[in-house]
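Reconstruct the complex from the two isolated chains, following the hints.
Chain by chain, the residues:
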Amino acid sequence: MLKVSAGDNIAFEQLVLRYQDRLVAFFFYVIHDRFASEDLAQEAFLRVYKSRERYEPTARFSTWLFRIAHNLASNQKRGAARRREVPLGSHAGDHDFRPPEQILADKSALLPTRQLDSREIRDVVRNAVEELTEGQRTAVILHKFEEMSYEEIGKIMGLGTVAVKSLLSRARGKLKEALEKFI
Amino acid sequence: MADQNHNLKHDEIEGPEDPQVAELVSYLDGELPESEADRVEKLLLSNPLLRKNAELLDRTWQLLNSLEEAKASGEFTQKTLASISTVSGESGARSAIHRRWSLRTLLPGSVIVRGLIWSLAGFLACSAGLLLSRNARRERTDPTDAQILKGLELYLQYPKLWRIPDVEFLKDVSENTGNSPVSGEKP
Numbered sequence: 004m005l006k007v008s009a010g011d012n013i014a015f016e017q018l019v020l021r022y023q024d025r026l027v028a029f030f031f032y033v034i035h036d037r038f039a040s041e042d043l044a045q046e047a048f049l050r051v052y053k054s055r056e057r058y059e060p061t062a063r064f065s066t067w068l069f070r071i072a073h074n075l076a077s078n079q080k081r082g083a084a085r086r087r088e089v090p091l092g093s094h095a096g097d098h099d100f101r102p103p104e105q106i107l108a109d110k111s112a113l114l115p116t117r118q119l120d121s122r123e124i125r126d127v128v129r130n131a132v133e134e135l136t137e138g139q140r141t142a143v144i145l146h147k148f149e150e151m152s153y154e155e156i157g158k159i160m161g162l163g164t165v166a167v168k169s170l171l172s173r174a175r176g177k178l179k180e181a182l183e184k185f186i
Numbered sequence: 796m797a798d799q800n801h802n803l804k805h806d807e808i809e810g811p812e813d814p815q816v817a818e819l820v821s822y823l824d825g826e827l828p829e830s831e832a833d834r835v836e837k838l839l840l841s842n843p844l845l846r847k848n849a850e851l852l853d854r855t856w857q858l859l860n861s862l863e864e865a866k867a868s869g870e871f872t873q874k875t876l877a878s879i880s881t882v883s884g885e886s887g888a889r890s891a892i893h894r895r896w897s898l899r900t901l902l903p904g905s906v907i908v909r910g911l912i913w914s915l916a917g918f919l920a921c922s923a924g925l926l927l928s929r930n931a932r933r934e935r936t937d938p939t940d941a942q943i944l945k946g947l948e949l950y951l952q953y954p955k956l957w958r959i960p961d962v963e964f965l966k967d968v969s970e971n972t973g974n975s976p977v978s979g980e981k982p
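Note that the protein sequences, when read in sequence, are chains A and B.
Once you know that position 88 of the first sequence is 91 in the numbering used here, the rest is easy, because the numbers rise by one and skip nothing.
Once you know that position 7 of the second sequence is 802 in the numbering used here, the rest is easy, because the numbers rise by one and skip nothing.
Chain B with its partners taken away, still in its complex shape (with noise of 0.2 Å):
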């Protein structure tokens, strides 16, 4: 019996069970070899104890079909693929699930196929990030820069323009730089 019983829960194990419920289960769940199943077969044709016994068994059985029967809810594959995409911790998965599509799903063919688009779509993508930062930089760059740049010149020989001593003194400065920057101004 102890051998029987191995691997069972301690208070799985409830006194001597009854050998002939035990092989009249066996053969009516079909677990029996199909020798045994034809000598219990014999037993229940001569033994009408036997038999009421198996009949009693088999109908207690299917009363278990009146058992309430419970179902998934209408929500449940919702919720379930919402809570699986919020633990996943995949930004996209959430999407992928719900809308039955992936990236996987829309790139077609092999993997050379496949490694091809990927590749033609990292260069796109490099492209448009050049063109993009270019462009940035030119409107970075400040008006009134473009206006010191333009009179660099000028401003580089303000040690020599100091001290000037007149407004015709500037004016010919200003000829000679071929700029005008300061004309009518006063030192």
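Bound-form chain A, shown alone (with noise of 0.2 Å):
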């Protein structure tokens, strides 16, 4: 990012072929929107690049390109809940989404003789984390996927480590309650 700073351009371009992936990923588990998710990826490294002359390396890179994702994934869902554009508990994506409940049911009929297939599974524990609140599946997203720990997740949320400690304790709670008569 240094270099970066000083106008090298090359190291921008490394810098943002190191991250694309991890950024579009987070972006999607927040969101569940693909191409949304590249639209903000985009953007964050567009800021990025337009405040590369005031980066100064206090704290980890990562953690402000995380900060700056949080940032526009909190916009993002802001904007989204007051335009109604994605009614709650319905998915933007290209995914057949059903309420817990919904797969519950229709799975309860045909349990314990038959297991979940994977997809089965994955759409139960995509619910299961949209169930959380915003700031918990944002901890839960970076602490599981990108394992981070608590200090830097409440660098990148504005949170204390406390904060994020009851952030991540609550939301495993909630994961478990959820997810347990699955195992």
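By construction, these hints were calculated from the structure, which means they are not laboratory data.
A few of these clues could be false.
[Claimed, not checked] As a list, the in silico DSSO-like pairs of lysine-lysine whose alpha-carbon atoms are at most 30 Å apart:
# : chain 1 : residue 1 : chain 2 : residue 2
1 : A       : K6        : A       : K53
2 : B       : K847      : A       : K177
3 : A       : K177      : A       : K147
4 : B       : K874      : A       : K53
5 : B       : K866      : A       : K80
6 : B       : K874      : A       : K184
[Stated by the list, open to error] Facing chain B, a subset of chain A residues (Cβ under 10 Å, in silico):
#  : residue
7  : L49
8  : W67
9  : R125
10 : V127
11 : H146
12 : K168
[Stated by the list, open to error] Sample of chain A residues at the chain B side, in silico, Cβ under 7 Å:
#  : residue
13 : V27
14 : Y52
15 : E56
16 : P60
If you're wondering where the values come from, they're calculated on a predicted model, not measured in any experiment.
For glycine and all other residues, C-beta sits at the position ideal for the given N, C-alpha and C.
Dropping the structure here:
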């Protein structure tokens, strides 16, 4: 990033290549829309580029990048809620989403004679994650998939370590409650 | 509890937190200090219910691995770099990014070497500019102008000549000036 700050365009290209998959994945886990995820990831890189001269290496670059991503995702969520483009319980992505109760009802007649297949498990897990609050979901994604510590998550979300611990323990309690019957 | 939840948004606070779950989660996440982690491990060994709870927390956490992964599409890098070069407004940025080169990379060496290269380039550019402007000035001179300049001396005498009595007189004048542009012409 220091090379990027000095105006090295090749370094910026390398930065995009290194982080693009992680960033797209983060947005996809949060908003479940592949195209919007790419747009937001592109916007995040654009913001990095615009503020490259103001970058100070006081924290890890990934922390800075994901803080930008977190803000973008939050703004996108708020905007979508205001416009009511994405009604609660439905999804703009290319998946067949159903509420957890519906999935449970569909499967209860078949259990335990039949195991859920991987796609069904994925749907159940995704719905369980969707049921988390926005903050809990972000903390879970950063911790689970970015393997970030409570401290790093706190820096990204603008929270103290204790608050992150609280978010994650509540989130994992909810996930356990929603998913233990499928184990 | 309020202290624990500081900085949390209002909608993130959902009633009392289970301290046992909070401790187990911190233990599973490796966020407990060593002494506290040892204490939790001892509790797990002695308490089957707590152990089962920890196992469920861990296994439901592992279920998140089944979530669909997303990666950037093949065109993502190109699109992103193109949008950035557009926004940056630098005319050379696009080619610099896409062709993987820049002026900085083309000019090797230290600042002094780069300075010398730039000075030489400036000198060459100035010389080329001077040569081009001289050529352009030459080309701009009209042949009609040259003709006029050639007969300038005769034209200067025009006030005296406009009442020329005859052709012989005109010939005399022409011989005196060394030019004969109007020989055979009537005034």
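Status of each hint after checking the structure:
1. A:K6 <-> A:K53: Holds, at roughly 14 Å.
2. B:K847 <-> A:K177: holds, 16 Å
3. A:K177 <-> A:K147: holds, 15 Å
4. B:K874 <-> A:K53: Holds, because 16 Å separates the two Cα atoms, which is no more than 30 Å.
5. B:K866 <-> A:K80: Holds, because 21 Å separates the two Cα atoms, which is no more than 30 Å.
6. B:K874 <-> A:K184: violated, 44 Å
7. L49: holds, 6 Å
8. W67: Result: violated, 17 Å to nearest chain B Cβ.
9. R125: Hint holds; R125 (chain A) Cβ to chain B Cβ min 5 Å, cut 10 Å.
10. V127: At 8 Å from the nearest chain B Cβ, V127 (chain A) passes the 10 Å test, so the hint holds.
11. H146: Holds - the Cβ of H146 (chain A) comes within 10 Å of chain B, reaching about 7 Å at its closest.
12. K168: Status holds, d = 6 Å.
13. V27: holds, 5 Å
14. Y52: Hint on Y52 (chain A): holds, closest Cβ of chain B at ~5 Å, below 7 Å.
15. E56: Status violated, d = 12 Å.
16. P60: Since chain B brings no Cβ nearer than about 21 Å to P60 (chain A), farther than 7 Å, the hint is violated.
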